[in-house]
Amino acid sequence: MGDPFVIAGIELESRLILGTGGAPSLHVIEETLRASGTSLCTVAMRRVDAATSGSIIDVIDRTGVRVLPNTAGCRTAREAVQTAALAREALQTDWVKLEVVADERTLLPDPLELLEAAQTLVARGFHVLPYTNDDPVLARRLQQAGCVAVMPLGSPIGTGLGIANPHNIELIVSEAEVPVILDAGIGTASDAALAMELGCAGVLLASAVTRAQDPVAMATAMARAVEAGRLARLAGRIPKRFHAQPSSPTEGMAVL
Amino acid sequence: MGDPFVIAGIELESRLILGTGGAPSLHVIEETLRASGTSLCTVAMRRVDAATSGSIIDVIDRTGVRVLPNTAGCRTAREAVQTAALAREALQTDWVKLEVVADERTLLPDPLELLEAAQTLVARGFHVLPYTNDDPVLARRLQQAGCVAVMPLGSPIGTGLGIANPHNIELIVSEAEVPVILDAGIGTASDAALAMELGCAGVLLASAVTRAQDPVAMATAMARAVEAGRLARLAGRIPKRFHAQPSSPTEGMAVL
Amino acid sequence: MGDPFVIAGIELESRLILGTGGAPSLHVIEETLRASGTSLCTVAMRRVDAATSGSIIDVIDRTGVRVLPNTAGCRTAREAVQTAALAREALQTDWVKLEVVADERTLLPDPLELLEAAQTLVARGFHVLPYTNDDPVLARRLQQAGCVAVMPLGSPIGTGLGIANPHNIELIVSEAEVPVILDAGIGTASDAALAMELGCAGVLLASAVTRAQDPVAMATAMARAVEAGRLARLAGRIPKRFHAQPSSPTEGMAVL
Amino acid sequence: MGDPFVIAGIELESRLILGTGGAPSLHVIEETLRASGTSLCTVAMRRVDAATSGSIIDVIDRTGVRVLPNTAGCRTAREAVQTAALAREALQTDWVKLEVVADERTLLPDPLELLEAAQTLVARGFHVLPYTNDDPVLARRLQQAGCVAVMPLGSPIGTGLGIANPHNIELIVSEAEVPVILDAGIGTASDAALAMELGCAGVLLASAVTRAQDPVAMATAMARAVEAGRLARLAGRIPKRFHAQPSSPTEGMAVL
Amino acid sequence: MTITLNGSKTDVADDITLAALMTELALPTRGSAAVVDGEVVPRGLWTGLTLRQGQVVELVTAVQGG
Amino acid sequence: MTITLNGSKTDVADDITLAALMTELALPTRGSAAVVDGEVVPRGLWTGLTLRQGQVVELVTAVQGG
Amino acid sequence: MTITLNGSKTDVADDITLAALMTELALPTRGSAAVVDGEVVPRGLWTGLTLRQGQVVELVTAVQGG
Amino acid sequence: MTITLNGSKTDVADDITLAALMTELALPTRGSAAVVDGEVVPRGLWTGLTLRQGQVVELVTAVQGG
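Protein chains in written order, with this note's numbering: chain F, 1 to 256; chain Z, 1 to 256; chain Y, 1 to 256; chain G, 1 to 256; chain D, 1 to 66; chain C, 1 to 66; chain X, 1 to 66; chain R, 1 to 66.
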């Protein structure tokens, strides 16, 4: 549609990025990956567990989706940098979704540790996609640090509260020189559409799909919503008006 | 998808109903009708104007879309009933989008004239789809009068303010025995998706598409948004939570 | 303060009107009446009940507050008109808060019965203050019927959802020729302040005070909030801006 | 009222803190200081300007209000620390409203410079009240650094957009061990009341009053609003309900 | 004789007046009103109005309300 | 003869039928309808209906609308 | 010999290589990685790296997340 | 001699003290402060501090703000 979505020089077919956490089974993940039409999905790095049956990687490879390892669970720049290095060895990718959270209750990013980790990883040749809060200043700093995208939250991870502060997202978009991807907080399709209408280049979500009552149907819904929001942004919406404006002619009424 | 949209016994392929007013040309209307994939579109009845070149009806017939005449511009039950009768002769359809507005400034429906007109038209064998305000009580009265659908506004016609009072729409949906179609006020794709997520069976819009900078692109956006919202409603969204919930495992962190 | 609040030629000291329903005791009612500084409070008319100890009327007379009987519980114009007539005999007042609700679940006004009752009562010399929905057209009709005020809801009675549709309240205020009193839905102080900022002449509330954990403290809060909102409306708020504007001088920075 | 507002061991009579910037004249400032009943107001430090007639300090001393110098206009920790030191010499106070903004367009705080400045100033014996964004993590870090209060924004300085993200303010309040003061973005009285209802200990505002059409009336409005919001918070508001709840008895209806 | 008072059959003295009935019930004048056979009885007629066997009387009073 | 057509006095051939008038105006059958002296004229009567001097005729058609 | 594997003391063959250990654990090459004494081990060194008594080894793999 | 005062070259009496300079400028003691060559000068040192040729002096005062 002549509207390519490019991160770090790679064009992605879909503007919807899927997280794979929270799904009831690998089978459901595979179905949601296909239904969503996504080109990129996240994974976490964890200790080998004999118990685990089957591999998320096999599923992802089967669907031909690009993998984006995250540093979920890391609390310090050091841990996050190590985890990214591990992921690079494990998955042979320089891309990383950088997460450095401050606590378990809010799962909000720690601005200082996040920025430090981003700087270090960029210096080591990573393509960094940081999960950040909706502070336009931190988003700017992360871009200055060389991140290939910025991924502000709509609201805290898993809350489904949608986009709490659209004004901040608009501010971030208005000055961004890399793709802005709305990450976290999306609860339903209209949230994803709104993110795109605010000017985001993409949306990353996990729980909204994996924890929905029908994950596959919701994956389809999100795919449509992201397309809808992007098209609407490009189409140029009508301005908001305080008073009504008729959509039928006011002239030519018959006298009845 | 096993989720038919039926009005008065007629199944419609698309849950998006398009108004044709406000478009720059018949050509654009034809393109938006096709892009939207709609199965039903509205027209107004006006005095013959020699100046008019081409006919909206030819366009509609060409696209194979069902026509829904409206009574736009009518201020009294009497005018609206006459206009509906005229439309029936002109278009050979019993369906009518009933509009009886109180004034030009708000274009809000007059509850008393509207209900009276609905009662009269139902008695005369019309299939009445009334454009109403978002009052759950009036919506109930219109259903009791035998309307085949109720079409509450999101906000006043042409304002693009979206759904001003989602609570009322939810109340209307919760007790409706006919399809609830969100009519008027939609400004962009996320508004349409939200309408469906609230439980509406369909969305009717005109200005949002016909007055967008790129009407055809917006028509496509709206089609996707309505599908997205419907799918999301059926998929069962995650509940809203005050606190965060991780989407990556909290166990098995490596010690780095 | 040179800003009199006048209904039907009577000047009321306070713009806060208190409902007395839902309070744990007559003692609490008396305290809330005093704390709120109200000049007008509502009562309902019910069958004599031997069980009842003490009289709300004694309390109201003791506090010197004017009484406004309501027609709560009425479902038809007929019942409401009879109840108003009873109240007039009982309380020797021509004033009535007219309530005609459609059902127990929403307690929303029935627009047709409400308007009919208003017309009848005005014809019989009552000063009618109708509890109505937030439809600007119905509000207009009620004024045309001769009501001395219009009392649109913010949201359904007892929900505490605040003002669901500020746009409608603004539309009602913009054309009102009698005082607009926000009635029902107020949950907390900021809701009451907002009502006044939207241009309402007063606020009527019951549950928000009588069912608060500390009714007397909440009564004081509401009194302050109504004053605050009214003053803010008259003071002329600053416009909303997308971008920031410094409140300290940008010139004269020392070079440090 | 047994609800003291204490910062750094000093009890302040009023929970409203006034900024003095943006006022048309010193005379108006004096009137607003008196009308607001504030106990604390901010000033900026700037180069001596022969042109200036009269002194803000004389006005403040005359009204007996405590002065809170700010570091407005500073972009780096270094500048802010120097400015605070200057202010201490000039005004003989250890208190400072710490502002370190990232740019002129958003006037948003720079999280890193802000935290560094806070740490340095605390080490030098200042009582630091930092103007911060609404990130709960940064607020926590500032408290850990020894700030005597945290002052998150509602929305950017001077925008009058109110509290863009109430959820974040609630999160900050829920874990705060020092007073949380809502600073910046307040546009009207209901915004100030809401800030207090969310649990803030106080509100700091300037433009909302100094740039209102009638600054003195707005100062009074804000004083009332802050009291109203605080009282409402303490009084315990009613819960929000989806369905209505009557405030008049449903028993004992007369049969009419 | 028997009347229907607020929905219940009630025995009252023959030829009792409305005013007397209200006094018997210790009903405060202020805040109360009466409907007899569907007609609201003006305050001024309470003393003069003699009730008759089988009449339907509703006695209401002001209570706490919304 | 003269009729009032869509609000303007208009000269038409004497005894012209409604159908003939619509043809003259190149009015498409599909999408159009007529009101004569306040009565909506059923499609089936267009050819049979002869207009008379002074009658008020409204000819309407479907147009773009909301 | 004994190493600390993912936090637990574990007996392994003396002089076992990292690659051999991973094979023993049926660890898929794709998606897995190792840290030995705090150093991420480049994929290319797995076969060459002989583990020694008491070393701390973390073996991780990609799982559903985020 | 010449100093840089608030960014402009300014002639002042040789060996003028900071306190004297502030007096000359009718600068109120309350609310004002000074920086000389980048150092904030404690209030107590104003009288004792003799300025020298070419020094950079910033004199600031409290103004309406934020």
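There could be a bad hint or two in this list.
Said to hold, decoys possible - In silico lysine to aspartate or glutamate, DMTMM-like type, Cα no more than 25 Å apart, as pairs: (1) Z:240 / G:170; (2) Y:240 / G:104; (3) Y:240 / G:79; (4) R:9 / G:79; (5) C:9 / F:103; (6) X:9 / F:104; (7) C:9 / C:24; (8) F:240 / Z:214; (9) X:9 / F:79; (10) X:9 / Z:251; (11) Z:240 / G:175; (12) F:240 / Z:251; (13) Y:240 / G:170; (14) R:9 / G:49; (15) Y:240 / F:79; (16) Y:240 / G:103; (17) D:9 / Y:49; (18) C:9 / C:37; (19) G:240 / Z:170; (20) Y:240 / F:175; (21) C:9 / Z:49; (22) R:9 / Y:251; (23) F:240 / Y:175; (24) D:9 / D:39; (25) F:240 / F:177; (26) D:9 / Y:79; (27) G:240 / Y:175; (28) G:240 / Z:175; (29) G:240 / Y:170; (30) Z:240 / F:104; (31) G:240 / Y:214; (32) Z:240 / F:175; (33) C:9 / C:39; (34) F:240 / Y:214; (35) C:9 / Z:79; (36) R:9 / R:24.
FYI, nobody ran anything at the bench for these hints, they're computed from the structure.
Results of checking the hints against the structure:
no.: 1; hint: Z:240 / G:170; in the structure: holds (16 Å)
no.: 2; hint: Y:240 / G:104; in the structure: holds (18 Å)
no.: 3; hint: Y:240 / G:79; in the structure: violated (31 Å)
no.: 4; hint: R:9 / G:79; in the structure: holds (23 Å)
no.: 5; hint: C:9 / F:103; in the structure: violated (82 Å)
no.: 6; hint: X:9 / F:104; in the structure: violated (29 Å)
no.: 7; hint: C:9 / C:24; in the structure: holds (16 Å)
no.: 8; hint: F:240 / Z:214; in the structure: holds (17 Å)
no.: 9; hint: X:9 / F:79; in the structure: holds (23 Å)
no.: 10; hint: X:9 / Z:251; in the structure: holds (19 Å)
no.: 11; hint: Z:240 / G:175; in the structure: holds (21 Å)
no.: 12; hint: F:240 / Z:251; in the structure: violated (48 Å)
no.: 13; hint: Y:240 / G:170; in the structure: holds (23 Å)
no.: 14; hint: R:9 / G:49; in the structure: holds (15 Å)
no.: 15; hint: Y:240 / F:79; in the structure: violated (43 Å)
no.: 16; hint: Y:240 / G:103; in the structure: holds (20 Å)
no.: 17; hint: D:9 / Y:49; in the structure: holds (15 Å)
no.: 18; hint: C:9 / C:37; in the structure: holds (14 Å)
no.: 19; hint: G:240 / Z:170; in the structure: holds (16 Å)
no.: 20; hint: Y:240 / F:175; in the structure: holds (21 Å)
no.: 21; hint: C:9 / Z:49; in the structure: holds (16 Å)
no.: 22; hint: R:9 / Y:251; in the structure: holds (19 Å)
no.: 23; hint: F:240 / Y:175; in the structure: holds (21 Å)
no.: 24; hint: D:9 / D:39; in the structure: holds (19 Å)
no.: 25; hint: F:240 / F:177; in the structure: violated (28 Å)
no.: 26; hint: D:9 / Y:79; in the structure: holds (23 Å)
no.: 27; hint: G:240 / Y:175; in the structure: violated (31 Å)
no.: 28; hint: G:240 / Z:175; in the structure: holds (21 Å)
no.: 29; hint: G:240 / Y:170; in the structure: holds (23 Å)
no.: 30; hint: Z:240 / F:104; in the structure: holds (18 Å)
no.: 31; hint: G:240 / Y:214; in the structure: holds (17 Å)
no.: 32; hint: Z:240 / F:175; in the structure: violated (31 Å)
no.: 33; hint: C:9 / C:39; in the structure: holds (19 Å)
no.: 34; hint: F:240 / Y:214; in the structure: violated (41 Å)
no.: 35; hint: C:9 / Z:79; in the structure: holds (23 Å)
no.: 36; hint: R:9 / R:24; in the structure: holds (16 Å)
The structure fails hints 3, 5, 6, 12, 15, 25, 27, 32 and 34 (numbered hints given earlier, in ascending order).
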